[in-house]
Structure formats: structure tokens, C-alpha cells
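Visitor: Below, each chain spelled out in residue letters.
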Amino acid sequence: MGRVRVRYLGYLAEYAGGREVEVEVGESGARLIEVVRLPPDVSPDDLVFLVNGRPAKPGDRVRPGDTVSVMPHISGGAPAPSYIPVAAPARATA
Amino acid sequence: MKGWHGRLLWVDLTRGEARSVEYPKEWALNFMGGRGLAARILWEHMPAGADPLGPDNLLIFAVGPLTGLPLPSSGKLVVAAKSPLTGGYGDGNIGSMAAVHLRRAGFDAIVVRGRAEKPSMLVVRDQKADILPAEHLWGLDTWAAERRLREDYGRNAGVLLIGPAGERLVRFATVISQEGRSGGRPGMGAVMGSKRLKAVVIVGTGDFNLHDQREVAKLGSAAYRDVKRSKGYSFWMRQGTMMTVDWAQENSVLPAYNFREGVFEGFKGIDGYRMEELKVTQRGCPNCNMTCGNVVRDAEGELSELDYENVAMLGSNIGLDDLAKVAVLNRLADMYGLDTISLGGTLAFAAEASEEGLIDERIEWGDFDRFRDLIREVALRETELGNLLAEGTRRAAEKLGGDSIRYAMQVKGLEVSAYDCHAAPGMALAYATSPIGAHHKDAWVISWEVATDRFSYGPEKARRVIELQRVRGGLFESFVTCRFPWVELGLDLDYYIKLLRAATGVEYTWDDLYALADRVYALVRALWIRELGGWDRSLDMPPARWFREPISKGPLAGSRLDIEKFRGLLDAYYELRGWDERGVPRRSTLEKLGLGFTVETLDRLVGLTP
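Just so you know, the protein sequences line up as chains A and B, in that order.
Letter 44 of the first sequence, counting from 1, is numbered 43 in numbering that gives the first Met the number 0, and no numbers are missing.
Letter 406 of the second sequence, counting from 1, is numbered 405 in numbering that gives the first Met the number 0, and no numbers are missing.
Hint data in this document are derived by calculation from the structure and do not stem from the laboratory.
All values reported here derive from a predicted model rather than from experimental measurement.
For each residue, glycine too, the CB sits at the ideal point set by N, CA and C.
Incorrect hints may have been included.
Covered by chain A, according to a simulated footprint, are these stretches of chain B (three or more residues, beta-carbon under 8 Å) [stated by the list, open to error]:
{"id": "1", "region": "11-18"}
{"id": "2", "region": "119-125"}
{"id": "3", "region": "286-298"}
In silico lysine-lysine, DSS-like type, Cα no more than 27 Å apart, as pairs [stated by the list, open to error]:
{"id": "4", "chain 1": "A", "residue 1": "K56", "chain 2": "B", "residue 2": "K230"}
{"id": "5", "chain 1": "B", "residue 1": "K552", "chain 2": "B", "residue 2": "K267"}
{"id": "6", "chain 1": "B", "residue 1": "K127", "chain 2": "B", "residue 2": "K117"}
{"id": "7", "chain 1": "B", "residue 1": "K497", "chain 2": "B", "residue 2": "K1"}
{"id": "8", "chain 1": "B", "residue 1": "K230", "chain 2": "B", "residue 2": "K267"}
{"id": "9", "chain 1": "B", "residue 1": "K217", "chain 2": "B", "residue 2": "K227"}
{"id": "10", "chain 1": "B", "residue 1": "K217", "chain 2": "A", "residue 2": "K56"}
{"id": "11", "chain 1": "B", "residue 1": "K552", "chain 2": "B", "residue 2": "K564"}
{"id": "12", "chain 1": "B", "residue 1": "K564", "chain 2": "A", "residue 2": "K56"}
Non-contacting residues of chain B with respect to chain A, defined by C-beta distances greater than 10 Å in every case (computed) [claimed, not checked]:
{"id": "13", "residue": "D206"}
{"id": "14", "residue": "Q238"}
{"id": "15", "residue": "E276"}
{"id": "16", "residue": "A450"}
{"id": "17", "residue": "R453"}
Hey, can you work out the whole structure from these sequences and the hints?
Guide: Printed below as a string of C-alpha cells:
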């Protein structure tokens, strides 16, 4: 057994009840998504995850001693305005 | 025509004249307002190669069809001109009651040319405009001058003005409003100063000339409601953009010591939680229900309005870890009328140049007292060093010579804003291709980038940068409204197209709007080429430091950009935009976008690729 430290940034800290919590995991660790506490209506796709300061995915394995950071997208990280994929300059009509 | 007034207020300060003129309807439909309209006016009416600080430059204050309407965060206008800092197209947006009043006065833009003989101000009351003496205001800081103007013109008048830095033609002087709102990073305040125009006061009482006022009100009301219901709303109201300090530190993109590092050991002294301890009140632009101006009591007992950019650039980037002191530097910048981002970059340049022995004076990182004095010296061009730094980092480095350009963190002459890019090639591309120089407002791609594959140089990054540039830089800058409801709290973009249809009666599609955004970008690039008299893709490269000197601290220590891979990313960007390998729009692209009027000039200057 050991502990994973989980840091919550932005509004996620309000939901998680603190900016930093510790979670017990077994020696073999756990999937990242299992150690974070998220609001029910928030998709992991809408968040940024780091493990020990390096980019990570929700399915990555975390082990005792690791630090997980979870944070919302900010300033333009919202889902792409993908009404028209960029393939070429748009046509000239208005 | 509904949704626009179809009129400009054309002011000639040399002649002392102001008159209302109509402009082509086609410009409104195809360039919309704000940046798009300003770029079109500059192309048509500014003589090519005009001196940015001379009478021929045009200073433009432009609104758009959504400005001032009862919808979230609509109290914005664009201020644009040829930039004295970069020599190319320059603009910025500013939140101010002046935006709402300009629309109510019945104009889509104010265009100012010439130079007044003596310090002057422009006072617009609906369709009446007067050029009045302003010698009593010249020399006053922006706060004192604005208070005087409010005594004369009323508490709710729209006021835009410059401080002593603009008067002295500091090349990164901005236009200020409401004691803390600042716009026009690439020296729009210096352009205003060169015209001896201290202030613009606007009082408008007319209507917006809308196609369907009830529908606008209905949609606006729903949009306000959605903003407030956003998951992030309560935390946003606590910290606003200041939450980004922690975010940037976690992601190793918080600039420290002139962008040598992406983490800062003293970040807790300047972050959003520290700000909450100092917070006194909150301010915002007109029509905003997610006010982002966090006002704190600074180390000298005065009020200072903070956001992430000024805190990172005047905090971690100069090695200062005390938010109350950072707030003093920020307040002084606002009072003198200086851009906090370029100021932070310039002070950091001075500290590093000092460390490297390129200037005689010793300037220590984090030395609050020295930086405080230096801001005055820059704003007033008081000392030799202040005068040098008032030129911005690129010119200062050129004058210092030697290896000093290494320490000038800028693109096209505009200092980089507060995201370190040693390990963020997409964000570096956003800076490199921003239409005004290294600014984040057009494509803040870093959040998406760190959540996907931050080390990739794949074409998906060029696509994403263009997507963001289209929406943030192309559309919001032309609507003209604040992008925060969308980017920060996820307001559905479809609101904007519905609002636009209701306001104008024009059945715009997303296809039309993206075409419009691409048109504006290509026109801005055409202006750059015309004003510089040519083009070279090295102008679209980020600072060399990010390629040559890896960061040494934090979890990403050792990271730096790969120059060959970055060149490939830039190629992908050009191709998607329909620009050639030099970064010049192809003839076919210009024609497809309806910019045929630029072809002859550009072909003569650089020889267009078919």
C-alpha cells in the first residue's frame, strides 16, 4: 500500500473539497481516473491530466509516490469549433 | 442596412476637422467590424509606407455589429493603426463604456489622421464631434486625466486616453480606460501621442439600428443565463484569469527569468489564492457578468487591477515573488499607459542584459525598487537606459549589439506574452503567426496542446491554431465582443451566429464567417507585406532561445523546440492557409477570399505565387 497525491486546480478544487488530497493505492498502483474525484457531469475529455508534471491520460497507471494533477481547460481549450475542419481557406461568400 | 450604421467619424487633426462619412456596405458585410473593418480602412486610406508616428498613420477605433448589445461581455472595441513597435499592422481590444457609446453615437468607427498643433481631445456627442484643447490634461497620468474628464462629461461617459508614456512615444504605450483597462499592445498609445491626442470622450444616446431587437434581447438573456450556470462560474468569479498562475506552473509554461524557465519557485507568492487574500473588489467591462478585473490593495496601499498576463510578466518573468509588489508595478504601468506584457519582457531583457554585462548598470532579478524606478524612466524616457528600453526589446537589442538579440523575447518586434514554449510547439506557432506579433489572444492553443500530445509537431497543431485564430482572432475581434464567455466558460458558439443574424438580418453561415476570418487574416498579412516592402518567413519564427537553450528546472527540464520540426509545422500552417512557402498568400487565395484589390501591390512587391 502507498499513497498518491492528487492536486486539483481551478473549480475542481471546490468540488473535491480541497486543493490537494492523498489517496491510498495498492503496490501495483491504479488507473489515474480511479484516484481522482470529479463532478458527475464533467467528462475526463474536458480536463488536463499530469503525472509528476508530465502529460498523462486518464487510463495511465499511477503508483505510490506519484503526484497527479487534474485541471480544467482554460482560455480556449474548449472543444474545437469543428463546424468546418480546416482543409483550405474557406470560400469567399458573405 | 441593419446592424451597422454604415458611417465612420473621420477626424483630421491637422485640419481640425471632424465629419461623418459613409463607407461601402460591402466592407461591413465582408469585413464586419473591429479588426476586419480597421484593416480594410488602413489598406484603402493609409499611404503605403507611412511613418507609424507621422500624420499619415490612421488611428482607428472600431466596433462591430455585436458591440454594446445586451449580450455577455459585449463592451469592447478595437483600436488599430500601423504599429510603431513592429512596423506592421497593430491592434488591440479594450473594454470600455466608449465601445457602447460609439455605437449609440451612430458610428461604426472613428478614424483619426493628421497631427494636432497642440495637445487636443476629441469629444463626440452623438453626431456632433469637437476637437478641443487638452493642454490641461497633457502630462497627467491616465487615472488623474480620466477623473477630470468624468467631472466634465459625466460618470458614464466613454473615455479612452493615453498617459505620459503615450505622450512620449514609448513604442509599447497603450490606450487606457476605466483605470485599468488597457488595449493596443503594439504601441497604439504612442500613435495617439504622436497625433497629440490625449483623449477621446464619447457620449452616445441613439439606438443600435438592429434587424430584430427582441430576438437579440431574448438570445442575449439566455446567453447570460448559460454563462452563470457554467460549472466554472463560481471559481471564475473568485480568481478570473489569475487561476492560470497555478495552471501554468503545473504545466511548466509559467515564464520565469526572461523565459529561461517554465516554472518559478516563488509562484505561490503570486498565484490566484494569494490574490484572493489581497482582493478588495472586482471590475469589468460594460455588459459583462463574468467580470475578470480583480482589484487588490497593493504594497503601497493603492488599488491595482490584476490579471494573469500582467502578474506573470511583472512577477515570475522578472523574478519577483510578492504579489502586492507586482501589483504596484502593474498599477504604475496602467497609470503611465504602458503595456504590461511588453513592459515585463523589456524589464526582463534589461535584467538579463545586465547579468551578461551588455549594459553597465546592475539590475538584479526580483529587485522591486529598481524595477519600480525603471518603469518611470521608461515611461518618461528619463534616463539613457529608460530611453533605450522605451524602444522595445528588438530595437534595444539592435542598439546594444553583440549577442543581445538572444535576450529579446519577441516576434516581429512585439514581446511574447506569458506562456513559455520550450515544450509547446503549437503555442510557439500561435505566437509566430499571430497577426500583430507575439500575442496570445488570437490562438491560446496551449490548453488543448498539453491535453493532447504536447511534444508533437504534427499538422493537427497547425489546424488547431488556425481554428482558434479564425474564431478568436478573426471573429471575436470583428464582432467585436469579448471571447471569454466562450473560451473560459464554454458558452456555445452558436449563440454568436444567431445573434449576428438577429442583429443584422444577414443569414451568415459558419462557412461565411470562417471565410470572413480567413479574409481578415490574409488582408492583415497583405498589410504587413505592403508596409515592410517585402516578406521573409524568418518573421514568422519564434525567439531563438526556445530552440537553443533548454529549460533547466521542473519536470520538463531539458526540453527545447526542434527547429527543423518547427519549420515543418510552419510549412503545414502556410499550406492550410493557402499561403506559399514564404508566408505570402497565393494569388488564388487572395482572389478566392475577395481580396483581388491587394494583388497588384503584392505582386509588384514580392511576386505572387499562383
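Visitor: Against this structure, judge whether each hint is valid.
Guide: Results for each hint:
| no. | hint | result |
| --- | --- | --- |
| 1 | 11-18 | violated (count 0) |
| 2 | 119-125 | violated (count 0) |
| 3 | 286-298 | violated (count 0) |
| 4 | K56(A) <-> K230(B) | 22 Å, holds |
| 5 | K552(B) <-> K267(B) | 17 Å, holds |
| 6 | K127(B) <-> K117(B) | 21 Å, holds |
| 7 | K497(B) <-> K1(B) | 15 Å, holds |
| 8 | K230(B) <-> K267(B) | 25 Å, holds |
| 9 | K217(B) <-> K227(B) | 16 Å, holds |
| 10 | K217(B) <-> K56(A) | 41 Å, violated |
| 11 | K552(B) <-> K564(B) | 24 Å, holds |
| 12 | K564(B) <-> K56(A) | 24 Å, holds |
| 13 | D206 | 25 Å, holds |
| 14 | Q238 | 8 Å, violated |
| 15 | E276 | 15 Å, holds |
| 16 | A450 | 4 Å, violated |
| 17 | R453 | 6 Å, violated |
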